[in-house]
Amino acid sequence: MAQEHPDRLVAAYLKSRGYRQSEATFKKEAVVTPPTTWNGRGEASIPDFILFYNESEASNPNAYQRSYERLRKWVEDSIDKYKMELRKVLFPIFVHAYLDLVGRGLRDQAKSFIDSFKSDHTEFYGQDVQRLSAVTEPHHATENELAQTYRSNRFNVQMSRYSFELLLSYLQDNKFMLILRIVNEHISIFVENVLPDAAEDDDDLAAQLGLAGQPSHQLESFNKQKLLLGELPPDIPFLTDLERTIKEEAPSDVNELLEELQKVKKEPSADAPTIAYPPKRLLDIPAAIEELREARNRVQVTPMSPISICCYTFHNTYGSLQSLRLSPDASMIAGGFADSFIRLWDIDTGLTKGANSARADKSKDVVSSSDLGPARRLVGHAGPVYATSFSADQRYLISCSEDQTARLWSLDTYTNLVAYKGHNYPVWDVDFSPQGWYFATASHDKTARLWSCDHIYPLRIFVGHLSDVDTVKFHPNGSYVLTGSTDRTSRLWDIQRGECVRVFKGHNGAVQTVAFSPDGRTMASAGEDHTVMLWDIGSGKRLKKLVGHTGMVYGLEFSKDGTVLASGGADNSVRIWDVKKAETKEIGVKKDHSKALDRPSQSLLGAYPTKRTPIYDLRFTRTNILMALGAFTLD
Amino acid sequence: MSIFTKDSVTAIADTAGISLKDDVLNAITQDIEYRLREIVHEAGKFMRHSKRQRLISEDINHALRVRNVEPMYGWTSGKSAKFNLITQGTQQIYYVDEQELDLDDILNGPLPPVPLDVTYTAHWLAIEGVQPAIVQNPSAAEIRQENFTVPAHLTAASSTTSTASTLTNGHHSQQPQQSSETLVKTVLTKELQMYYEKITEALTSSSEELRSLAVQSITKDPGIQPLLPYLIQFIAEQVTQNMRKLHITHAMMRLTRAVLDNPNLFVEPYLHQLIPNILTCMVAKRLCDDPASQDHWALRRYASLLVSYICTTYGATYQSLQPRVTKTLLRAFLDPVKPLSTAYGGIVGIKALGEEAVKVLLVPNLIGFGERLAAVMDEMDEEGRAGRKEEAQMCKDAIVEITTTYARQLLAERQAATEAAAAADEDAMLSDPADDVRGEIMDKFGAFAEDVCQALWPSINGSR
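Taken in sequence, the protein lines are chains A and B.
Taking UniProt numbering, I'd label the letters of the first sequence as residues 1 to 635.
Taking UniProt numbering, I'd label the letters of the second sequence as residues 1 to 464.
It should be emphasised that the hints constitute simulated quantities derived from the structure, not laboratory data.
The reader is advised that the hints may include incorrect statements.
Listed next, the stretches of chain A that the computed footprint assigns to chain B, with coverage defined by at least 3 CB atoms under 8 Å from CB atoms of chain B [as the list claims (entries may be wrong)]:
(1) 134–141
(2) 312–324
(3) 421–429
(4) 605–619
Rough simulated footprint, nothing fancy, chain A against chain B, three-plus residues with beta-carbon under 8 Å [as the list claims (entries may be wrong)]:
(5) 24–33
(6) 38–45
(7) 388–401
If you want the ones that stay clear, here's a sample from chain B, every Cβ over 10 Å from chain A, calculated [as the list claims (entries may be wrong)]:
(8) 5
(9) 110
(10) 210
(11) 250
(12) 260
(13) 414
Ideal placement from N, C-alpha and C gives every residue a C-beta, glycine not left out.
Please construct the entire structure, taking both the sequences and the accompanying hints into account.
Next up, the structure:
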């Protein structure tokens with residue numbers, strides 16, 4: 001064995017690397033040459049080293065547990081400087097060691113393995129560990145979606161060169177070939193030529209590693225792709241028409257309107273995208289004037305001048321209300337019900353029209369149920385309606401449902417115009433483009449799709465998420481789409497090319513909701529892990545993690561001037577965050593940030609609890625009053 | 001090994017008439033657990049998107065449909081099934097205790113009530129950063145109960161907890177590491193702090209001129225919104241601490257008026273803190289050291305005007321406001337245990353709330369109150385206590401004045417009505433409205449009737 005075995009291995013190695021000539025030469029010479037190229041550095045040299053050893057270790061079912069236990073102890077005993085980095089590789093090794101055991105049908109060993117070590121990983125990966133622990137049979141492992149995700153994607157880990165060398169030499173010295181093979185097969189380690197950052201935050205840990213589904217790219221360089229985040233170039237013919245109409249009609253506030261119009265009518269920014277939209281028509285002019293007027297009356301919402309929140313509470317829903325959405329001009333609310341219909345309420349009771357401050361309409365503060373506008377029912381879906389979205393001109397409503405369709409409704413006739421069939425699984429979310437015409441859907445089938453109202457098939461299919469796409473949102477300039485997924489990432493997609501251009505990683509749970517700032521340069525995401533995260537889209541970097549919610553976050557929205565972020569969710573509260581402060585704060589508090597994890601973030605400006613009303617949706621009106629929508633729940 | 005025992009699988013297999021071998025059972029229990037976990041995981045997604053916190057049977061059915069499995073029918077009753085345990089020998093069996101229903105009963109019985117339609121209400125969750133204390137919002141106690149933690153750096157800014165002392169200590173004396181946490185909202189500029197000190201000093205001074213100037217300044221100044229919570233706190237403190245110092249309580253009422261009058265101040269969120277102070281100044285037992293020589297009646301009248309101002313301005317917004325105030329006033333007026341000075345406060349307060357309040361609250365209670373006054377007057381004769389006599393007299397004068405106005409109004413109305421009726425039907429025999437009204441006065445006004453009549457018809461009464 002001593003002679004033949006290395007020969008065979010070397011031959012196998014040369015073959016697997018495709019070194020045909022060398023292989024031929026090697027075979028011809030058949031000289032006993034143990035691999036001498038091993039230098040202990042870099043991934044490329046690992047395979048031959050592994051092959052150098054036979055699989056005698058693998059035949060021992062307890063080898064995984066023993067090796068992992070020793071590796072874990074070694075990592076925990078190493079000095080703090082490297083501990084943080086070395087810990088990162090423990091989870092992927094843990095997962096794959098378990099799956100290996102399961103794959104070989106060693107049920108008992110697998111169970112004892114996962115039981116002894118799962119507590120290490122429940123903080124960041126609780127759900128995944130729980131799901132994997134159900135996988136106990138070889139055929140489960142091959143059909144389980146999550147197991148396959150781990151098997152078919154490399155797990156990204158970033159570490160400094162020295163830590164990497166430490167790890168490798170430890171594994172080699174102790175001949176942990178099983179683990180070494182896992183490292184080689186399933187983990188991509190990006191070696192950085194920097195000193196390990198001892199003070200690295202625990203929560204950053206999650207941000208750097210994990211499954212990106214982007215095995216070929218390094219995430220950082222991937223996130224450097226060029227983006228055109230500027231506003232759409234102004235529609236000059238329409239604005240000219242608008243100006244003429246204002247001058248002709250000459251309402252009492254003509255000067256103010258023209259002044260406001262000048263602000264809109266600026267030069268296109270350097271990074272403005274070009275995207276085709278049907279031209280606006282004269283029909284849109286009255287709405288545009290109203291929009292200008294409301295923009296004029298906008299209240300400043302800054303940390304200095306605090307916010308006013310109007311809460312719409314829905315009663316007698318018995319848990320059947322699935323979604324709520326306020327129309328852009330805050331005149332209508334659409335509610336999606338579990339009983340497959342949509343209800344529209346006309347709330348235009350003067351609450352927001354022309355109100356420039358909370359003071360102006362104090363008499364309208366309570367709308368009793370008797371003077372409500374008519375509630376209309378839109379019937380057509382065949383499953384719970386999970387989301388609705390109004391078009392910019394409020395003449396259409398789009399809805400999506402468990403019945404795998406999205407439907408377009410006319411708000412002039414209150415009828416269903418089109419049913420868009422394309423997804424093969426429930427559609428979780430839908431969003432109209434801010435300019436109208438296009439809309440995007442997010443589905444259980446792991447894709448998001450782009451549609452235009454006049455086509456019954458999708459124009460783009462955005463594929464890349466590793467799990468359900470839970471939410472979708474259009475960029476303010478209408479040329480990008482942001483999705484949030486159960487795979488804990490958010491992705492930005494270019495709708496021209498249909499490709500993913502940014503990946504935002506960092507959440508410890510599904511991303512349930514996302515939001516763009518009005519200038520389109522910042523985004524926020526939130527979800528199952530009760531935290532809100534602010535991201536800079538240009539660099540793909542996280543600006544701030546906002547801690548404070550005690551339940552899932554359902555709604556996120558930036559104020560119209562982008563200085564304040566509002567969030568609301570299952571913990572029956574609305575919270576207001578300072579966007580700007582967050583950006584300057586991060587550097588100063590970084591050191592004690594890990595200790596402050598349980599404490600609410602300092603950029604929290606206000607927390608407003610409701611009476612057992614989870615907040616489903618949040619919208620700022622054009623005058624910057626925050627509308628919170630939710631259904632009163634008894635349990 | 002699995003959460004399912006082999007026994008339960010055997011039991012289920014038995015119902016289908018199949019007997020299973022041990023290794024098959026093993027495999028099946030394993031597989032069942034795996035499938036179930038997958039389904040529950042899937043169902044969790046549906047629960048999340050339905051924005052619920054509790055998994056229901058519909059979620060499971062949706063999850064089954066997604067997995068291309070036939071859903072379980074008949075479990076979507078809305079109530080969660082309750083499993084009962086039965087022990088048979090060593091076997092433990094769980095079953096659902098389902099009631100047997102008689103279809104005839106259901107068909108012949110009355111229809112169940114239609115469930116309430118979905119409606120909505122709107123309310124202010126926050127007004128300019130402050131959560132108003134209205135019914136729709138949770139009370140402080142409820143917030144605590146729900147373990148809702150408002151971060152420490154925010155409570156410093158809230159109006160209820162901030163006191164004048166934190167203000168005067170100011171932002172500057174705080175420790176440096178805390179300063180980063182202090183919000184902009186709590187930082188008062190040096191100028192504002194100085195202003196506040198000057199104003200409070202002037203208001204509590206004994207110089208009338210200074211007090212007037214301070215009040216004037218508060219009425220006009222556009223830039224003192226940040227001071228508002230502190231001013232209101234100041235009013236509350238001063239009123240409770242200086243109940244017997246008439247000039248201070250009076251100054252506080254004028255300050256309240258100034259705060260309400262200033263068009264640049266946004267007082268709404270603080271109304272609930274203001275009103276108790278005003279009511280105190282109206283119905284307190286004693287408001288001065290020496291009731292005989294000091295005019296605490298004027299303060300009560302002034303405060304009553306403030307209450308009426310608040311009720312007319314904000315009554316529409318806060319519908320519970322006026323009822324609450326009226327309740328307090330009525331109690332002050334009617335409670336025989338309370339001194340007459342309190343009753344006086346109640347009377348002027350009711351008057352200030354307007355005609356309707358007088359008609360509904362005051363007039364029906366006149367007879368009883370008249371008797372009480374008379375009793376006090378008699379008692380006074382015996383014991384010779386001048387103070388109580390004066391109190392009774394003040395109450396009487398106030399009531400007479402109010403009821404006279406009321407009666408005059410009534411008279412004018414009746415006359416107008418009679419004239420209109422006369423114009424419509426010339427032949428009709430109509431009684432003199434004056435007689436009607438006088439009859440009514442005699443009926444209802446009790447002890448005060450005579451005085452009112454005298455005030456209304458001095459000539460007629462004189463001729464009698």
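Hints and how they fare:
A count of 5 residues in the region 134–141 of chain A with a Cβ less than 8 Å from any Cβ of chain B is obtained; the coverage claim is therefore met, three being the minimum. Proximity of the region 312–324 of chain A to chain B, defined as three or more residues with a beta carbon under 8 Å from a beta carbon of that chain, is established by the 11 residues found. With a threshold of 8 Å between beta carbons, the proposed coverage of the region 421–429 of chain A by chain B holds, since 3 of its residues qualify and at least three are required. Against chain B, the region 605–619 of chain A contributes 9 residues with a C-beta closer than 8 Å to a partner C-beta. That satisfies the three-residue criterion, and the hint holds.
A count of 4 residues in the region 24–33 of chain B with a Cβ less than 8 Å from any Cβ of chain A is obtained; the coverage claim is therefore met, three being the minimum. Evaluation of the coverage hint for the region 38–45 of chain B: fulfilled, as 3 residues show C-beta separations to chain A shorter than 8 Å, against a requirement of three. Coverage of a stretch by a chain is defined here by at least three residues with a beta carbon nearer than 8 Å to that chain's beta carbons; for the region 388–401 of chain B and chain A the count is 0, and the condition is violated. Remark: the non-interface label on residue 5 of chain B is consistent with the geometry, its nearest Cβ contact in chain A lying 16 Å away (cut-off 10 Å).
Every C-beta of chain A lies more than 10 Å from that of residue 110 of chain B, the closest at about 21 Å, which supports listing it as non-interface. Separation of residue 210 of chain B from chain A is adequate, the least Cβ-Cβ distance of about 32 Å exceeding the 10 Å criterion. Every Cβ of chain A is farther than 10 Å from the Cβ of residue 250 of chain B; the closest lies at roughly 29 Å, confirming the non-interface assignment. With 10 Å as the threshold on Cβ separation, the claim that residue 260 of chain B sits away from chain A holds: the shortest Cβ distance comes to roughly 14 Å.
At roughly 34 Å from the closest C-beta of chain A, the C-beta of residue 414 of chain B stays outside 10 Å, upholding its exclusion from the interface.
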